[in-house]
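Asker: Chain by chain, the residues run as shown.
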Amino acid sequence: MKVQLRQPPLPQQATLDERDEALITLIQTGLPLSKTPFADLGKSLGMDEVEVISRLKCLIDEKVIKRFGVVVRHHELGYRANAMVVWDIPDDSISELGSCLGQFDFVTLCYRRPRRLPEWPYNLFTMIHGQDRDDVLENVRLLVESCGLTEVGHNVLFSTRRFKQRGAIYRKTEMTD
Amino acid sequence: MSHIRAGMNDLIKDIPDELDKHLLNDFQYGFPLEPRPFKKIAERLGTTEDVVIDRLNELQNQGVVSRVGAVFRANSIGASTLAAMSVPEARLEDIAAMVSGYSEVNHNYQREHHFNLWFVVTACDEQALNAVLDDIEHRSGLPVMYLPMQEDFHIDLGFDLKWT
Numbered sequence: 017m018k019v020q021l022r023q024p025p026l027p028q029q030a031t032l033d034e035r036d037e038a039l040i041t042l043i044q045t046g047l048p049l050s051k052t053p054f055a056d057l058g059k060s061l062g063m064d065e066v067e068v069i070s071r072l073k074c075l076i077d078e079k080v081i082k083r084f085g086v087v088v089r090h091h092e093l094g095y096r097a098n099a100m101v102v103w104d105i106p107d108d109s110i111s112e113l114g115s116c117l118g119q120f121d122f123v124t125l126c127y128r129r130p131r132r133l134p135e136w137p138y139n140l141f142t143m144i145h146g147q148d149r150d151d152v153l154e155n156v157r158l159l160v161e162s163c164g165l166t167e168v169g170h171n172v173l174f175s176t177r178r179f180k181q182r183g184a185i186y187r188k189t190e191m192t193d
Numbered sequence: 002m003s004h005i006r007a008g009m010n011d012l013i014k015d016i017p018d019e020l021d022k023h024l025l026n027d028f029q030y031g032f033p034l035e036p037r038p039f040k041k042i043a044e045r046l047g048t049t050e051d052v053v054i055d056r057l058n059e060l061q062n063q064g065v066v067s068r069v070g071a072v073f074r075a076n077s078i079g080a081s082t083l084a085a086m087s088v089p090e091a092r093l094e095d096i097a098a099m100v101s102g103y104s105e106v107n108h109n110y111q112r113e114h115h116f117n118l119w120f121v122v123t124a125c126d127e128q129a130l131n132a133v134l135d136d137i138e139h140r141s142g143l144p145v146m147y148l149p150m151q152e153d154f155h156i157d158l159g160f161d162l163k164w165t
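Chains as they are written, first to last, in this note's numbering: chain R, 17 to 193; chain X, 2 to 165.
Careful: at least some of the hints might be erroneous.
Result set (DSS-like, lysine-lysine): computed pairs, CA atoms no more than 30 Å apart in a straight line [as the list claims (entries may be wrong)]:
no., chain 1, residue 1, chain 2, residue 2
1, R, Lys82, X, Lys40
2, R, Lys51, R, Lys79
3, R, Lys51, R, Lys73
4, X, Lys41, R, Lys59
5, R, Lys73, X, Lys40
6, R, Lys73, X, Lys22
7, X, Lys41, R, Lys180
8, R, Lys79, R, Lys59
9, X, Lys22, X, Lys41
10, R, Lys51, X, Lys41
11, R, Lys73, R, Lys59
12, R, Lys79, X, Lys40
13, R, Lys180, X, Lys40
14, R, Lys51, X, Lys22
15, X, Lys41, R, Lys82
16, X, Lys22, R, Lys82
17, R, Lys79, R, Lys180
18, R, Lys180, X, Lys22
19, R, Lys51, X, Lys40
20, R, Lys59, R, Lys82
21, R, Lys73, X, Lys41
22, X, Lys40, X, Lys22
23, R, Lys82, R, Lys51
24, R, Lys180, R, Lys82
25, R, Lys59, X, Lys40
FYI, nobody ran anything at the bench for these hints, they're computed from the structure.
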């Protein structure tokens, strides 16, 4: 196996039944923009809106759903610069520093990932958006200062081209509309 | 259909109006999970349900809104990984298009680094995930560095948009 996924302090793998899975499959591409979106969503699943809503609330409680709401595209809103800023954090302080970095609103992702030595020494990945490059770099400086990272190696990987961006499709579905 | 039907290239010039700003900023989390959510939003913003639905449709058509719905925690369902490749400049366009061609790839960016192509692969399980990574390596003849998430430190409360 090439990728061994590990989920240390994440919530336990939630127990999803078939109906949850069907709901997840259907909701991946977003709610229908209708007056009764939950009822409409439920129709093809044989669920009433009470069941749809209560299952979604459970998925949120169980942290399977991290956030539910309007998902915007930063680039289209004028946040033209984005950089993946990667940090080489000593293993024993990664929780503390990861939590520090993860609390800033301009940090839209903050993940621990494995190092791949020798070519890749970085183990903490943050995504930082800004209106332009200077804005992003200013945010990086703020992070270094606020979380005490002056001794920590980091690298700023600006994106220069976006080839593809859309929500993840976890479950393929035959339904196309 | 609407008063600001902007072409994709013009989007940035259009500072959203007040209603759009609130729609974009105030409901990134805490979306009303109730039978008539857009009516609830309309009440909070002092407008009508029809207008809210119309504006969200328009923002979605413009590509400003990706969707109204769920952001799933990575690996809480399915399996995913970040992956990177170091692609010779002359082949970048072709390899990037090849990678984007997989329905399992949902983000694909060129970045300023020796590892210049970065993408996220998401599949229903590890086996399907590895099959895609193997296939990309095979077709490109280049190694793929895969970096699965091990821990998530981010509290996702959306992104506070600032308009100047």
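Asker: Straight-line Cα separation of Lys82 (chain R) and Lys40 (chain X) no greater than 30 Å?
Answerer: Satisfied, since the Cα-Cα distance of roughly 24 Å is no more than 30 Å.
Asker: If you draw a straight line from the CA of Lys51 (chain R) to the CA of Lys41 (chain X), is it 30 Å or shorter?
Answerer: holds, 11 Å
Asker: Taking only the CA atoms, is the gap from Lys180 (chain R) to Lys82 (chain R) under or equal to 30 Å?
Answerer: Roughly 22 Å separates the two Cα atoms, so the pair holds.
Asker: Decide if the proposed pair is consistent with the structure: Lys51 (chain R) and Lys73 (chain R), CA atoms, cutoff 30 Å inclusive.
Answerer: Judged against 30 Å, a Cα distance of about 19 Å means the pair holds.
Asker: Assess, step by step, whether the Cα of Lys73 (chain R) is no farther than 30 Å from the Cα of Lys59 (chain R), and give holds or violated.
Answerer: holds, 18 Å
Asker: Given the hinted pair Lys41 (chain X) and Lys180 (chain R), is their Cα-Cα distance within 30 Å?
Answerer: With Cα atoms ~34 Å apart, Lys41 (chain X) and Lys180 (chain R) exceed 30 Å; violated.
Asker: Quick one, are Lys51 (chain R) and Lys22 (chain X) close enough, alpha carbons at most 30 Å?
Answerer: holds, 21 Å
Asker: Take a quick look at whether Lys180 (chain R) and Lys22 (chain X) sit within 30 Å of each other, Cα to Cα.
Answerer: Satisfied, since the Cα-Cα distance of roughly 25 Å is no more than 30 Å.
Asker: CA of Lys180 (chain R) to CA of Lys40 (chain X), is that 30 Å or under?
Answerer: This hinted pair is violated, its Cα atoms lying about 33 Å apart.
Asker: For the pair we were handed, Lys82 (chain R) and Lys51 (chain R), check the Cα-Cα distance against 30 Å.
Answerer: holds, 24 Å
Asker: Given the hinted pair Lys41 (chain X) and Lys82 (chain R), is their alpha-carbon gap at most 30 Å?
Answerer: Cα-Cα ~22 Å, so holds.
Asker: Are the Cα atoms of Lys73 (chain R) and Lys41 (chain X) separated by 30 Å or less?
Answerer: The given pair, whose Cα atoms are some 17 Å apart, holds under the 30 Å limit.
Comparing the model with each earlier hint shows violations of hints 7, 13; every other hint is respected.
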